[in-house]
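Each step along the sequence shown adds one to the number in full-length UniProt numbering, with nothing skipped, and position 157 is 157.
Note that these hints are calculated values from the structure, not bench results.
Ideal placement from N, C-alpha and C gives every residue a C-beta, glycine not left out.
Check before you lean on any hint, since a few could be wrong.
Stated by the list, open to error - Simulated crosslink set (DSSO-like; lysine-lysine; CA at most 27 Å straight-line): (1) 189 to 262; (2) 256 to 275; (3) 26 to 50; (4) 174 to 189; (5) 275 to 189.
Stated by the list, open to error - So the derived label-pair ranges between C-beta atoms look like this: (6) 215 to 30: 30 to 40 Å; (7) 237 to 36: 53 to 63 Å; (8) 274 to 198: 40 to 50 Å; (9) 237 to 152: 13 to 23 Å; (10) 32 to 187: 26 to 36 Å; (11) 82 to 210: 30 to 40 Å; (12) 234 to 36: 36 to 46 Å.
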Amino acid sequence: MEKAYKLEFENEQTGALIVNCCGCSKTEPLHSFGPALKPHYMIHYVLSGKGTFRMGGREYPLEAGSGFLIVPGQLAFYQSDEREPWTYVWVGFSGSGVESFVSYTGLSVRQPVFQSDRSDELYGSVRDMMEHNTYGLTNELRRNGQLQIFLSLIAESARPQDRPEEDKANQYVKRAVEFIQRNYCNPVKVTDVADYVCINRSYLYTLFEHSMGMSPQQFLTAFRLTRAAELLAVTQLPVESIALSCGYNDPLVFTKAFKQMKGMAPSAYRKELQKGESRRNKEYLRQVEDFISQVNSLHG
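Let the sequences and hints guide you as you build the complete structure.
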């Protein structure tokens, strides 16, 4: 038997990350669940006591300060200790972006457990969800916001050694590329990208050379100029406006960079596109498509 306070929610909205249920349980000795499936992702965090968790053919002994992830479609079993039964909080969640959010915490079927010393804050997030438990969009937004805080606390506590080196490197590159995609229109520098992904510039350089075959600066420039080429093709915006739209405050600097990459000035490139017949034009369009495909492949 367990003494549990739990809530399940009927959500008004759909979104990237949504709380489906949450609760707090103080269990009896040897109280267990499963083996069974859960319909959505769930994270349990142990406040006190001990227990075991099994998923993916492995068993994990856990105690206060530990937590575990249950993945939909994976048989899971967990049981409290006979002498020191555990008390835990849990959150069940889903959404269109849930897999990305979970991956950022460092948790997966292969690595479903974690340690965190943020017990008071994790408990506080779940308690706030339970307190804002009535129907209505205001409370739903509050719960979903607390879920993001809950996951951020776990992500902060994730130990880098829990991830294979290759996985960590890929995550750094993916996040750097995402940052560039969102911010290429601003005058960001490579140091801003490195700061965002929390690594130094030289390591970012090494990762990009290995993964993309170019430096972060070359990628940033290529991405900006590829977007500029698209704007030249599909709009009649002045070159100065396109330069500003792609992160270049100085049109002369933009023109020089564009000419270096494309072999001609932006205005000449637009004229070539308007002809619509030259082999050179088709080659440029192919290069644009290839570059966009290379970027999109990082999100596969």
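Hints breached by this structure: Violated hints (numbers, rising): 5, 6, 9, 10, 11 and 12; every other hint is consistent with the structure.
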